[in-house]
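> Spelled out, the chains give:
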Amino acid sequence: MSCPDPGFPQVPFLGLDTLWFQVAGTVCNLRCTHCFISCAPDNHSHGMLDLPTVLRALDEAVELGVQEYYFTGGEPFMNRELFAILEATLRAGPATVLTNGLLLDPRRCARLKRLDEGSEYSLDLRISLDGWGPEDHDRIRGPRAFDRAVAGMRNLWNAGLNPVVTVTELAEGVAGAEGRERFLDRLRSFGLTRPRLKILSLFRLGAEQRRGRGYLPSERLTSGDVIDPERLQCSSGRMVTSRGVYVCPILIDFEGARLGSTLRDSLRPFSLAYPACHTCHVQGVTCRT
Amino acid sequence: MTSDRIAVFGGVYSNYLALDAVCRDARRRGAHTLYCLGDLGSFGPHPERVFPLLDSHRVVTIQGNYEVSLAARRDDCQCGYTDPRDNRFARLAYEYTAEKTPEAAKDWMGSLPAALRKDFGHRSLLMAHGSPRKVNEFLWRSTSPAPFLRRLLDEARTEVLLVTHTGLPWHRRLPDGRHVVNVGVIGRPANNGRTEVVYALLTEGEELDVEWSWVAYDHRRLAREMEEERIPKEFVETILTGWWTTCLEILPAKERAEGRF
Ligand code: SF4
Ligand code: SF4
Chain Z
1430 MSCPDPGFPQ
1440 VPFLGLDTLW
1450 FQVAGTVCNL
1460 RCTHCFISCA
1470 PDNHSHGMLD
1480 LPTVLRALDE
1490 AVELGVQEYY
1500 FTGGEPFMNR
1510 ELFAILEATL
1520 RAGPATVLTN
1530 GLLLDPRRCA
1540 RLKRLDEGSE
1550 YSLDLRISLD
1560 GWGPEDHDRI
1570 RGPRAFDRAV
1580 AGMRNLWNAG
1590 LNPVVTVTEL
1600 AEGVAGAEGR
1610 ERFLDRLRSF
1620 GLTRPRLKIL
1630 SLFRLGAEQR
1640 RGRGYLPSER
1650 LTSGDVIDPE
1660 RLQCSSGRMV
1670 TSRGVYVCPI
1680 LIDFEGARLG
1690 STLRDSLRPF
1700 SLAYPACHTC
1710 HVQGVTCRT
Chain H
2 MTSDRIAVFG
12 GVYSNYLALD
22 AVCRDARRRG
32 AHTLYCLGDL
42 GSFGPHPERV
52 FPLLDSHRVV
62 TIQGNYEVSL
72 AARRDDCQCG
82 YTDPRDNRFA
92 RLAYEYTAEK
102 TPEAAKDWMG
112 SLPAALRKDF
122 GHRSLLMAHG
132 SPRKVNEFLW
142 RSTSPAPFLR
152 RLLDEARTEV
162 LLVTHTGLPW
172 HRRLPDGRHV
182 VNVGVIGRPA
192 NNGRTEVVYA
202 LLTEGEELDV
212 EWSWVAYDHR
222 RLAREMEEER
232 IPKEFVETIL
242 TGWWTTCLEI
252 LPAKERAEGR
262 F
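Protein chains in written order, with my numbering: chain Z, 1430 to 1718; chain H, 2 to 262.
It is worth saying that the hints were derived from the structure and are not from the lab.
Any given hint could be a false lead.
Every beta carbon over 12 Å from chain H, so not counted as near; a handful from chain Z, in silico [said to hold, decoys possible]:
| no. | residue |
| --- | --- |
| 1 | PHE1465 |
| 2 | PRO1592 |
| 3 | HIS1707 |
In silico BS3-like cross-links for lysine-lysine, where the CA-CA straight-line distance does not exceed 25 Å [as the list claims (entries may be wrong)]:
| no. | chain 1 | residue 1 | chain 2 | residue 2 |
| --- | --- | --- | --- | --- |
| 4 | Z | LYS1627 | Z | LYS1542 |
| 5 | Z | LYS1542 | H | LYS255 |
| 6 | Z | LYS1627 | H | LYS107 |
| 7 | H | LYS255 | H | LYS101 |
| 8 | H | LYS135 | H | LYS107 |
| 9 | H | LYS135 | H | LYS234 |
| 10 | Z | LYS1627 | H | LYS135 |
| 11 | H | LYS119 | H | LYS135 |
We treat Cβ as the ideally placed atom computed from N, Cα and C, and that holds for glycine.
If we strip away everything but chain Z, and leave its shape as in the complex, we get (with noise of 0.2 Å):
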């Protein structure tokens, strides 16, 4: 149990509108040097989900009145279980999945709109660019890694579904208005002629932490600081993965912000004792699409 520290801050719990699924644990078939819970081949710290445990999770979060589910991993394509669980996901609301793009092959695209077409709900991909080119993607993500998720989206676009590419704020210029139109035709020059954009901060966690540099004894809540719950992803979303039901996405490697193992058992307040906190709290941080 995480009990409320005295020297940080609360967040509310506010209602369960976002469920996200750390449905490939942190099982990737890659190993980039900026991922902020450290996925690769062989990071076995959290397993891949299961259906049964997915569809109970469902069955809490439809009595709950859950508005959207997530999926991310580690890489999400890798657990085979992964269109039966975006089955039963898209017949209770709409459904995100946040990937690399490198098993986005013709025949997976195929069926991911098989599925966005038997579904009343929203059915998204999220594919992540780390730079402009192979240059400053594959540095961070191995080689080829750039081409290959140019690749998936490619195939996706094909196939009749528009992902959504995340660029981290890592690509040089990308943030400003004049960098994203630039990147935005970037992205018209694959294929991808309604490109849709996102772009997101850094946390300073695992991977990352060694890469660029950890957090400042200063990047700390206190108890002075007035936060605003509605910023903050923590007061209206959890995190199911195969050790329990976790406050956020972004803690899954700090015991202190797994929950409970049920949902039910999840939804209560949380002291922003993390310095991660500290980035959502100054940049108004969320995962959502």
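Given chain Z, put chain H with the ligands in place with the hints provided.
Frame of chain Z, contents of chain H with the ligands only:
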């Protein structure tokens, strides 16, 4: 026994020509009360022309995020977009509206209710701008699943919920017989390639009847006046073609796929 019928519309966006046409259409179709769920200003020209029409057609109005912002003399519209381009266009529309809206009208906006409850036949009905819990919440059809709407209705203690804000109309009847209706907006078309605008007619009865009325108005005249006022051409294009050119990044996958851009 005559049945009880009301007309409910959202987002006027300074489209005073559509407002007049919609109000006439609603009266012709037998609506005894007309409701507007807020956002009187935005893309369109001459925001001051909306107020006399609301008055003469006796429209009951609640606050949208525009009214909250204008009444408080805020410098942003609180539309809730996350994309920089969308925000740039939202800011242009808001600055124009804020400059042209009479001070007395801004004060009046501050006096409007944030939500409205009424009994409609044997049903309780709640009208809000975004959602009962947040003035700028986006309730899209494809991301508002039934279990979530059930929770919103429970929390708001109502059987029928009417909202706008997103600009796209939809109606969901829950398995328990309750209803959520996003009435759409009359300020701009519904991103479907049609230049008409849409609003909802609700008729009481054993079953609640929700009917959409699509209304044509002199959209070419509106476009001309927008150009004369130097309103961004992207907004004018939407009025003339029926396809959205801005505020696109906030759309979920399904709604985005239905538009042209
Ligand atoms: S950042 Fe994404 S793709 Fe890279 S290792 Fe982590 S989970 Fe895998
Ligand atoms: S890291 Fe962010 S989302 Fe997670 S608990 Fe801290 S403030 Fe909340």
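> Does the alpha-carbon distance linking LYS1627(Z) and LYS1542(Z) stay inside the 25 Å limit?
Within the cut-off at roughly 22 Å; holds.
> Check whether the Cα positions of LYS255(H) and LYS101(H) lie no farther apart than 25 Å.
violated, 36 Å
> Verify that the Cβ of PHE1465(Z) lies farther than 12 Å from every Cβ atom of chain H, and report whether the claim holds or is violated.
holds, 21 Å
> LYS135(H) and LYS107(H): Cα distance at most 25 Å?
holds, 21 Å
> Could you let me know if the closest chain H CB is still more than 12 Å away from the CB of PRO1592(Z)?
violated, 9 Å
> Assess, step by step, whether the Cα of LYS1542(Z) is no farther than 25 Å from the Cα of LYS255(H), and give holds or violated.
holds, 12 Å
> Is the Cα-Cα distance between LYS135(H) and LYS234(H) 25 Å or less?
violated, 31 Å
> Sort out whether LYS135(H) lies within 25 Å of LYS1627(Z), counting only the CA atoms.
holds, 23 Å
> Take the C-alpha atoms of LYS1627(Z) and LYS107(H), compute the straight-line distance between them, and say whether it is at most 25 Å.
Given pair LYS1627(Z), LYS107(H) is violated - Cα atoms ~35 Å apart, limit 25 Å.
> Confirm or reject the statement that HIS1707(Z) sits farther than 12 Å, beta carbon to beta carbon, from all of chain H.
holds, 21 Å
> Hinted pair, alpha-carbon criterion (25 Å max): LYS119(H), LYS135(H). Please report holds or violated.
At roughly 19 Å apart (the allowed maximum being 25 Å), LYS135(H) and LYS119(H) satisfy the hint.
Violated hints for the displayed structure, listed by number in ascending order: 2, 6, 7, 9.
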